[in-house]
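Next come the chains, spelled out residue by residue.
Number of protein chains: 2
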Amino acid sequence: MDEIRLIEVKEDILADNNRLADELRTRLKEKGTLLINIMSSPGSGKTSLILKTIDALGEDIRLGVIEADIESKVDAEKVSLRGVPVVQIRTGGFCHLDANMVNQGLEAMEQHTVDVLMIENVGNLVCPAEFDTGAHKNVMILSVPEGDDKPLKYPLMFSVCDVLLINKIDYLALADFDGEALRRHVFALNPTIKIFEVSCKTGEGIPDWAAWLREQREAFVKEWS
Amino acid sequence: MDEIRLIEVKEDILADNNRLADELRTRLKEKGTLLINIMSSPGSGKTSLILKTIDALGEDIRLGVIEADIESKVDAEKVSLRGVPVVQIRTGGFCHLDANMVNQGLEAMEQHTVDVLMIENVGNLVCPAEFDTGAHKNVMILSVPEGDDKPLKYPLMFSVCDVLLINKIDYLALADFDGEALRRHVFALNPTIKIFEVSCKTGEGIPDWAAWLREQREAFVKEWS
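Listed in order, the protein sequences are those of chains S and C. 590 is the number of the first residue of the first sequence in this note's numbering; add one for each residue after it. 590 is the number of the first residue of the second sequence in this note's numbering; add one for each residue after it.
These are calculated hints, taken from the structure and not from any lab test. A few of these clues could be false.
One copy or two, it doesn't matter: identical chains are merged, so the pair holds either way.
[As the list claims (entries may be wrong)] Calculated cross-link-like contacts (lysine-lysine; reagent style DSBU-like; alpha-carbon spacing at most 35 Å): (1) K726 - K783; (2) K662 - K783; (3) K667 - K783; (4) K667 - K811; (5) K618 - K811.
For reference, chain S alone in the conformation it holds in the complex:
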């Protein structure tokens, strides 16, 4: 049967990927670069979050961004306008980043010293959850208009993430969105996940997210100094 063959291929690929991701994670720790992988559906606000984060963190933390896009470079251009080093990876049809693609991104970023490197993964709640990028922390965005039932449909994504950002809370008044039900489903999958409510449009909640990122960076540096 077709599916069985496909699964075998996938398992081989996943095992190779996990090995490379572990190597990357260790290498980056030694360099003092905290790697943050940001995942979500298309249009949930990954680029907006990155832009808001750049503004919120200020200049004492040196940032870098790896932008994954199937085809276009619109996101990379927006980030670049903020004066932050950015590498764009065109996945050319692939629906996720893997550790090898991130490794190529790191090589292209080599001339910069980066404290916190944010990856904008491909907009997809499925495959990015399966492919370890080598990140130290995985972050997902769920935007209010997508609905509160997403943990039931994409449980792996909610399980592998350290942080859930509920974005577009400025839509709450209009949306049929049960925040309590969402939290119940999410915590059932992942009891230790950290949740922040934000609006990349109004800026609400961004300072709390930025403070968390600063703490991670400090803990990371302390561990290795």
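With the hints as your guide, set chain C onto chain S.
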């Protein structure tokens, strides 16, 4: 390099899939079943559209639904409550439906006579665009909160579809959404695509979409009688 190996595997799989999809399409035409494949990001409104379509088409057209979900059965249950035959395919981690999975769905639906069979594909703008399901018409939903730049990022999806439904137009007042820019990008990729603006919440635009579906069904029957 890792990617090159992956591409080869993918090409083999795609070639096999295309053959099976063509067989399916012909077989369904002979049976008089119009197969409609509905694709979108997670949370754009696929299930809501299917429910609204069931209500709008009434009982003179016999409907059926194939629901793809990674894990849960919430969508299938919602459809089933409408009294329409529904088959659920749990893709178990796969981020798209392929022709083989649809074929299995059809076998499970065999005891029903179905005029229009709607597939709710996995919520994803990437892989579902690459895997032909055997559908006669491909339909995508883009919801207003996702933004007007999606054709730049997911061009293949917009290229392979016969219809684009712009959903959640009740959010237009709140959203920073340039409908003209969207249309320009979409028509550059796909000059013959049919666009409907709808709101599955208020019902606006649903009659036009339902009328189009009726026309397709009539043309389909005429062609084979």
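Going down the list of hints, with the structure as the test:
Taking CA atoms no more than 35 Å apart as the test, K726 paired with K783 passes inside one copy only; the shortest distance there is 11 Å, against 42 Å between copies. Taking the shortest Cα distances, K662 and K783 sit within 35 Å of each other both inside one copy (31 Å) and across copies (27 Å). Taking the shortest alpha-carbon separations for K667 and K783, both the intra-copy value of 28 Å and the inter-copy value of 31 Å come in at or below 35 Å. Taking the shortest alpha-carbon separations for K667 and K811, only the intra-copy value of 33 Å comes in at or below 35 Å, while the best inter-copy value is 51 Å.
Proximity of K618 to K811 under the C-alpha cut-off of 35 Å is restricted to the intra-copy arrangement: shortest distance 11 Å within a copy versus 66 Å between copies.
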